[in-house]
Amino acid sequence: KQEVTQIPAALSVPEGENLVLNCSFTDSAIYNLQWFRQDPGKGLTSLLLIQSSQREQTSGRLNASLDKSSGRSTLYIAASQPGDSATYLCAVSLTGANNLFFGTGTRLTVIP
Amino acid sequence: DAGITQSPRHKVTETGTPVTLRCHQTENHRYMYWYRQDPGHGLRLIHYSYGVKDTDKGEVSDGYSVSRSKTEDFLLTLESATSSQTSVYFCAISEVDREAKNIQYFGAGTRLSVL
Chain A
3 KQEVTQIPAA LSVPEGENLV LNCSFTDSAI YNLQWFRQDP GKGLTSLLLI
53 QSSQREQTSG RLNASLDKSS GRSTLYIAAS QPGDSATYLC AVSLTGANNL
103 FFGTGTRLTV IP
Chain B
385 DAGITQSPRH KVTETGTPVT LRCHQTENHR YMYWYRQDPG HGLRLIHYSY
435 GVKDTDKGEV SDGYSVSRSK TEDFLLTLES ATSSQTSVYF CAISEVDREA
485 KNIQYFGAGT RLSVL
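Top line first, the protein sequences correspond to chains A and B. Sequential numbering of the first sequence, starting at 3, is according to our numbering. Sequential numbering of the second sequence, starting at 385, is according to our numbering.
None of these hints come from the bench; they were simulated from the model. Only a predicted model underlies this, so the values are computations on that prediction, with no experimental measurement involved. A portion of the hints provided could be inaccurate.
[Claimed, not checked] Residues from chain A that face chain B, not an exhaustive set, calculated with beta carbons under 10 Å:
| # | residue |
| --- | --- |
| 1 | Val-6 |
| 2 | Gly-43 |
| 3 | Ser-48 |
A virtual CB, placed ideally from N, CA and C, is assigned to each residue, including glycine.
With the sequences and hints as input, model every part of the structure.
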């Protein structure tokens, strides 16, 4: 069974700092890895998806990397803003399957 | 939101009563999913559907059933609700984009409390 772990569970940073969120998974036979954002009481918003053949994906101030062999992904947020405050979830899809296995998330607070 | 609507958004019910949650999508997606989200567990897959009348179990399917009689609607039923089914339920669809990436999009969620 695929286990997905996100560390730390919570993180507070001052506005303007660059930060890294971590995700690890136990089964390296993944199809893709997806990072989501969840605001309190809301659904999930897809941020970035990395295919298993890719090493990284970028969108604006966000950069996600993937190292399948070590079972790790990172989400880098540059020049953090208070509007980035949310819970960030990573999820992996296994080869040949469509359902996602989720981590428990990192709750990010960016302090003005 | 990829045209996903969940109803109701909030529901309080009593132990032993049946409950049906509805997920409606407007964009003709083939795959639909039901997840539950609980503190300390993240989101876990309950059931999913890969077409009309085609469904399969996920990781935490016990106590739940689903039906999909038409493409746009995916129903989740708790035949006899228990307090352990108090949770936030999310519906999702998956879509293959122009780069052949299979991306999942989520509804706003249904908060269910079983007393």
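**Request:** Answer holds if the nearest beta-carbon of chain B is closer than 10 Å to that of Gly-43/A; otherwise answer violated.
**Result:** At about 8 Å, which falls below the 10 Å cut-off, the nearest Cβ of chain B leaves the hint on Gly-43/A intact, so it holds.
**Asked** For the hint on Ser-48/A, does the least C-beta distance to chain B fall short of 10 Å?
**Response** holds (6 Å)
**Item:** Interface hint compliance - Val-6/A to chain B, C-beta minimum distance less than 10 Å
**Value:** holds (7 Å)
Checked against the numbered hints above, the structure breaks none of them.
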